[in-house]
Structures are given as structure tokens and as C-alpha cells.
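The listed protein sequences correspond, in order, to chains P and Z.
In short: position in the first sequence from 1, add 2, done, that's the working numbering.
In short: position in the second sequence from 1, add 2, done, that's the working numbering.
Hint data in this document are derived by calculation from the structure and do not stem from the laboratory.
Don't take each hint at face value.
Derived list of chain Z stretches under chain P, where covered just means 3 residues or more per stretch with a C-beta under 8 Å from a C-beta of chain P [to be verified]:
hint: 1; region: 30 to 39
hint: 2; region: 64 to 75
hint: 3; region: 88 to 100
hint: 4; region: 125 to 139
hint: 5; region: 167 to 178
hint: 6; region: 188 to 194
hint: 7; region: 197 to 204
Keep in mind that this is a model prediction, so the values were computed, not measured.
By construction, the Cβ of each residue, glycine as well, lies at the ideal position given by its N, Cα and C atoms.
There are 2 protein chains.
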Amino acid sequence: MKYRISANVIRRLPRYLRRMTMLERQNVEKVSSTELGERMGLTASQIRQDFNCFGGFGQQGYGYNVKQLREDIGGILGLEDTLTAIVIGAGNLGRALIANFHFPACGFQLAAAFDTDPALIGTEMNGTPVLDGDKLDIYLEENRVDVAVLTMPKGYAASVANLLCRHGVRGIWNFTGTDIDADLGGTVVEDVHLSDSLLTLGYYLRGKGEQ
Amino acid sequence: MKYRISANVIRRLPRYLRRMTMLERQNVEKVSSTELGERMGLTASQIRQDFNCFGGFGQQGYGYNVKQLREDIGGILGLEDTLTAIVIGAGNLGRALIANFHFPACGFQLAAAFDTDPALIGTEMNGTPVLDGDKLDIYLEENRVDVAVLTMPKGYAASVANLLCRHGVRGIWNFTGTDIDADLGGTVVEDVHLSDSLLTLGYYLRGKGEQ
Chain P
3 MKYRISANVI RRLPRYLRRM TMLERQNVEK VSSTELGERM GLTASQIRQD FNCFGGFGQQ
63 GYGYNVKQLR EDIGGILGLE DTLTAIVIGA GNLGRALIAN FHFPACGFQL AAAFDTDPAL
123 IGTEMNGTPV LDGDKLDIYL EENRVDVAVL TMPKGYAASV ANLLCRHGVR GIWNFTGTDI
183 DADLGGTVVE DVHLSDSLLT LGYYLRGKGE Q
Chain Z
3 MKYRISANVI RRLPRYLRRM TMLERQNVEK VSSTELGERM GLTASQIRQD FNCFGGFGQQ
63 GYGYNVKQLR EDIGGILGLE DTLTAIVIGA GNLGRALIAN FHFPACGFQL AAAFDTDPAL
123 IGTEMNGTPV LDGDKLDIYL EENRVDVAVL TMPKGYAASV ANLLCRHGVR GIWNFTGTDI
183 DADLGGTVVE DVHLSDSLLT LGYYLRGKGE Q
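The following block holds chain P by itself, in its conformation from the complex:
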């Protein structure tokens, strides 16, 4: 179980988790790889291959137990091990995440937000304190932060990322739309490129592909 699992398989785990949560809510108890494949646009064999990377999860022919599978996948994703996140940039996008994104469902606790706007510093958003962005380094010295969510203007991305890496922040969830050009050391960057999603939608609408 300690061999390297392909990034494509890892990226499908959250989709499986969502699907299982949905099936559980619909009181579905068992699901076969064929049914699951049809609902998710994957082949049954692909799904079985993916699950085999983690030792199986069920006996072929009997279907998967939905609740068990949801728990197993949540365990692989490490949801029971809560990590700490901060949001850097409390503008529209930062606010949208603070107000609406359910960090605990992803195994994260949102500890603080940072901004340099004096009108925001010292306020709370949905229970999260907004702190002075110019004092981020002091905060990082005194508090453990696993992931920083970058929602400030892209011009600051490189310098903030450098600061984060110097202070041992291990993960960056990057919404700035720019590639982070910094000495990252072991820090993992997850870029969110919303344009990829709209470009794909546009491709299908322009009639060049069939959905």
C-alpha cells in the first residue's frame, strides 16, 4: 500500500466521495461498479482499477457498501486529521470562500483571514477574524498553518508565497490565476484555474464535441 498511486486516481477520490455522500443521502445502500460508472462517466473496469490501488473496498459481484465506501475514501483522504488553513486576501473571492466554502467537510479548520484594508482588519467574517496582512509573518511564527488560500491580487503571489514557504507552510491553494514563481521547497501548490472549466464548457457548446 506504500507504492506511488497516480495523481489521476487521487484526483478521482474526491469525486467518489461526493458521489457516495449523495447516494447515502438518497438511502442507497449498495452500488455496483457498473452503476457507479454510468453515473460518473467512467467505465466499471476503471473504477475497479482505481479502488484496487487502495486494496479493493469490496467483493466483486456483490457491489460496494455505500456507507463503508464513503468512510473508507474519507479515511484515505485523511478527513479525520484536521489541518489548519488561513485565507490571504479578504476581497470578493476571499469573502465568498469564508462565507460559503465548507472547510470542515474537507478536513480543514479556517483559523484566520488576512487583508491590508484598514476597514476590514479587526472585523469578523462568518466567525473568522480578519487580521492585518502586514503582520502575517508574526502570525506564522506563532501559529501553525498547514495551508494558505491565496485570494489576493496576483501581483503579490510570489512575495507572499516566499514568506509562506520560509515559515514552513506546506500547502498553497492558489486562486490568483498565476503560476507561483517562488522557491517552494517542499510546499505543495494546488492551482485553481477556473478558466479551464469554462473553456471546456465552451468547447462542447461550440458543437465540436458531443457530451
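Assemble the complex: chain P is given as a structure, and chain Z must be docked to it using the hints.
Using the frame of chain P, we list chain Z on its own:
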């Protein structure tokens, strides 16, 4: 060229486009599938296979012409054929997209935003008029809309999606975090699940995988 191309290949096209745009900005003229693969975490053979779906783009051994490839991929994605989008819900997330997301770079023109907040109706955000959400149906009768961006609370997703489909909107870019349970007809829904991205990052941070 009219055969069905796999969704996975299509989903990589925006990534190739981004990479080519970046290389062009760095004044790189030629790139081999090996170099490209290293930068993108794909194998050279995967890249050649992907490009072969569209007829090739270059001669093996000579590398790809960066500018030409960027233009070819943009052409496949249909960027020269501008589609019309509206944003439904001008809260934090809607505002973030209106203010910061570059719709034209994806081949879209943002025509209007809709909200039901009287304080917002009649205002402009970054040049985009905010119109009365209760009059969306009238707007759809009088204007061609290709894609609706759903950034309103998830409780409205199904009813708004039904309205959109009835009026022939062909694409929905869904940020509500909920699956749209509506009679979609031929309407294509592209769901944005930000949690998938954070869950993947969390997986790597928890040391269960190596990046």
C-alpha cells in the same frame, strides 16, 4: 476528425493552452513533447497521443512551434467564436468573477448580471449591468444567452436551471456546489467543485502520497 475525442483529452486542452501562452510570454519558440511533459507532469507519449487526436500539430523530432500550437489549440477550443454569458447571483462569488475573471480570454462576452437585491439592481460592476433577477425570463426571451454562470444560493439552483433550459440556454457553469436536478434537455452543465481541489491538496499534505 469527426470521431469522438475523449473527455480527458478535451480537459487537457485548456492546460496546453495555458502552458503555450506562458512559453510564448517567455519567448520560447519551440518545445518538444518531452520538455512539455516534464513541465506538465505528463509523459511525452501521452502528449503526442493527445495531439494526434487533432491531426498532430507538428513533426516528431522537430518539436512543436509554440505560437502555432497556441493558435491551433485556441482554434480547437473555438476562442474566435464569441459566446454570450450572464452571471446569476451578484454576491461575493458573482462579484469576484465579474471583477476578476477574464471572460474574453475564454471566448465569452459577459452581457449582464442578475440579482434580487434592490440595492444592487440597476448598478454596474466592472462595466457589467446588474439587472433584476425576477425579470430574468423576460431578458432570456429578448436576448441570446449561451451560458449562465450560477453563483446564487444553492436553494435556487434547480428552479433557475429549469428556467434557463426552457429558454434554450445551452450551457450552465455551476458554482452552487449542488448537482442540478432539473430536466436539462440538451443543456450542458459544467460543475465547479472547489472542494475536489482542496481535498487533493489535503491528501498530499497528510503525507499519504508524494507529489
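Verification of the hints:
1. 30 to 39: violated (count 0)
2. 64 to 75: Violated: only 0 residues of the region 64 to 75 of chain Z have a Cβ under 8 Å from chain P.
3. 88 to 100: Three-residue rule met by the region 88 to 100 of chain Z, so holds; n is 6.
4. 125 to 139: violated (count 0)
5. 167 to 178: holds (count 3)
6. 188 to 194: Our answer is that it holds, as 3 residues pass the Cβ test (under 8 Å) against chain P, meeting three.
7. 197 to 204: holds (count 8)
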